[in-house]
Each structure stands twice: as structure tokens, then as C-alpha cells.
Amino acid sequence: MNNCALITGASGGIGRAIALRLAADGFDIAACWFSDEDGAKQLEKELEKLGVKYRLYKADVADYGQIEKVFADAEEYFGGISVLVNNAGIAQQKLFTDITEEEFDRICAVNFKSVFNCCKFAVPHMVSRKSGKIINISSMWGVCGASCETVYSATKAAVIGFTKALAKELAPSNIRVNCIAPGAIDTKMNSILSDEDKSAFAEEIPMGRFGTPDEIAGTVSFLAGKDSSYITAQVITADGGLI
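Each residue of the sequence shown is one higher than the one before, counting from 1357 in this note's numbering.
In case anyone wonders, no lab produced these hints; they're calculated from the structure.
Some hints could be false.
Okay, derived cross-link-like pairs now, SDA-like style, lysine to any residue, Cα gap no bigger than 20 Å in a straight line [as the list claims (entries may be wrong)]:
#1 K1414 / K1476
#2 K1476 / G1435
#3 K1414 / I1446
#4 K1450 / A1589
#5 K1469 / E1424
#6 K1582 / A1380
#7 K1520 / Y1586
#8 K1554 / Q1448
#9 K1405 / D1381
#10 K1520 / F1472
#11 K1405 / E1424
#12 K1425 / Q1448
#13 K1397 / D1570
#14 K1544 / Q1449
#15 K1524 / A1514
#16 K1554 / I1599
#17 K1425 / F1472
#18 K1476 / K1405
#19 K1544 / D1392
#20 K1486 / A1527
#21 K1486 / S1585
#22 K1414 / E1400
Please put together the full structure from these sequences, using the hints given.
Here it is as C-alpha cells:
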């Protein structure tokens, strides 16, 4: 049985941490990235040090045709995908009245259509083998919503609904589908916040700090492993107790 994990958004903070953790767990790594070339190069260096079998793919996860090519190559090179981590996402802080149609379409495409695209090509392989894990990365704002992040929150809520529905559909095929909803994580996505804003936000979190990419990667590792064999259709909110 092949043992390969495909991670989207793998050049960013959370995605890179997930890729490295799953590599350390013994998975071959198929890593998708799109805009962060420096991050992709850094990931490649670290995967080389670990000595695992890997391949990096530059692809727009919102483009169905590009993702089809990624999965076709992964099928040939790795023998298929046993774990899919849909991590790619973009955020926006903007008044709803200022959001353009183009911005709406892009956020929906990257944050939600990408999940459809990747599952569309991963699921047939998993069903044929009666085995597989799909882990979708949502957000705590997909659970409770955030002011000035209406479209982002909506897409992340859609990921949660998609997760729960697909999990029930695929459970008879021994495929587990779960979701992680991170809170405030110390990544580039939150670098737009000033030090003062980050400090004020941290004070609202019961644990008193932002989470780390490695902490999210650890949760992914659990869901991708044997110890979570009876867990499906669940949303794990990793937010330090904020919501």
C-alpha cells in the first residue's frame, strides 16, 4: 500500500510544518505550492535533509485542470495519494461593502473550490483501495464568523459543511474525512497585524498566546495516523480556547 501525503499550500507556515511532520511520520510527500517560491525552496531543502521521497508541484489549486495533472503525476510517481491535506487558503480583511466581485470569486476558488478539486481526484483512488484520510484546514472564523472577513468566514464554513457531508458518504469505504479549524496561528498570514494588535488579540485567548504551525501539524499527524481510526466527520478547533 502506498503511503503518500499530498499537502496543498505547502510553502506557507502551516503547510510547510504539516509536510515536514508527515515526512517525519514516514509519509512520502507531494507538496503543492503556487506563489511562495522562497518557501517552496526552503521546504525542498528540509525534505532533502529528511531523506524522504518527495515531489513539489507548482499549481493553482483553484484550477481544475492543473490539479488533474498534479494527481495524475502523483499516481504515476507515488502510486497514488493515501492522505490528502487541503490546506491552501487566502485571507482578506475588508468591509463587506468594499469587496469586489473579482475578490469574492478568487477567495471562494482558492479556499473552497480547491477542496472540491483535490477531493475529486483523490477520492476515486481511495475508494478503489477502501482506505484513505482527507484532512481539511478550515478556521475558527468558519465556526463563528469574523467581522470584516465575511467571504473568508463563509468559505471556511463551507469547508466544514463539505467535510461533514463527504465523511458520511465515504465512511462505508473506510475513508475518514475530518477538519481542523485553527485559531490565531503565528504565520505570515497574521503578519499584517501590528505588534500591538497581536498582543491585544493574544490577551483575548485563554491560553494567552498565538498557536504555532507545528501545533497544527501535530493535529494533522494524529488525524492521519492509526490512533484516530474511529474518528470521522469531526471539526477540531485548535484555538487556545478562544471560541
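#### Entry: Violations among the numbered hints, reported as their numbers in ascending order
4, 11, 12 and 18
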